[in-house]
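Novice: Those sequence lines, one after another, are chains A and B.
If you're matching positions, the first sequence starts at 1 in this note's numbering and goes up one per residue.
If you're matching positions, the second sequence starts at 1 in this note's numbering and goes up one per residue.
Don't read these hints as lab results, they were simulated from the structure.
Everything numeric in this text was worked out from a predicted model, so none of it was measured.
Glycine included, each C-beta is placed from N, C-alpha and C at the ideal position.
Wrong hints could be hidden among the right ones.
[Stated by the list, open to error] Each pair of labels, with its calculated beta carbon distance range: (1) Gly28(A) <-> Asp58(B): 35 to 45 Å; (2) Glu14(A) <-> Glu57(B): 27 to 37 Å; (3) Ser109(B) <-> Thr38(A): 13 to 23 Å; (4) Asp58(B) <-> Glu83(A): 37 to 47 Å.
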Amino acid sequence: DAGVIQSPRHEVTEMGQEVTLRCKPISGHNSLFWYRQTMMRGLELLIYFNNNVPIDDSGMPEDRFSAKMPNASFSTLKIQPSEPRDSAVYFCASTYRGGNGYTFGSGTRLTVV
Amino acid sequence: QKEVEQDPGPLSVPEGAIVSLNCTYSNSAFQYFMWYRQYSRKGPELLMYTYSSGNKEDGRFTAQVDKSSKYISLFIRDSQPSDSATYLCAMSGSNYGQNFVFGPGTRLSVLP
């Protein structure tokens, strides 16, 4: 298995632009999580899905953030408009029923200038 | 008080030392516990996964859970420079359909 695949690996964008981050979970996994990691705040859960349905989006910081999971093999996290304080590493993780923990992707390093 | 606490470090030890990494938590409902290792500029990778109280050993790594004290530990024996990374604990009350809460991580440096 190729693991959890995230794209792009790096994204540099100007303030006000729309940013879309993509994630392909491991085949057969039914839960998907989006996390944001910064030095100051550590790893923060933004949103998670079970069976493609959003379960908890209380971590989404503002209405500028939105996430979708149109099918079991793909999810997006969109920021519109982006701001410099959104600069962070965004991780996607997946699991099957929580068993054996989560598998994380390599992350997308976002820089908003 | 944060739900899960860890000493952020950095913790520096000489090669070959026994390392003890710890987390405390406040939610008595937690019963599933994980330890992740994260190298610089990489995603976290799962090291250990335990349920309820007790010990679990895997090679040089031992995870301990003391639910009565709300305290978990990860021991690394014969530490190597390749163990230098950030170690994150995570825990949940359920194994299914529920988010695991992560600690902030402890940065470990093993000096050759």
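Novice: Take the hints in turn and mark each one as holding or not.
Specialist: Against the structure, the hints:
For Gly28(A) paired with Asp58(B), a C-beta distance near 24 Å fails the hint of 35 to 45 Å. About 51 Å separates the C-beta atoms of Glu14(A) and Glu57(B), a value inconsistent with the hinted range of 27 to 37 Å. In this structure, Ser109(B) and Thr38(A) meet the distance hint of 13 to 23 Å, their C-beta atoms being roughly 21 Å apart. Asp58(B) and Glu83(A) have their C-beta atoms about 42 Å apart, which keeps the hinted 37 to 47 Å range intact.
Violated hints for the displayed structure, listed by number in ascending order: 1 and 2.
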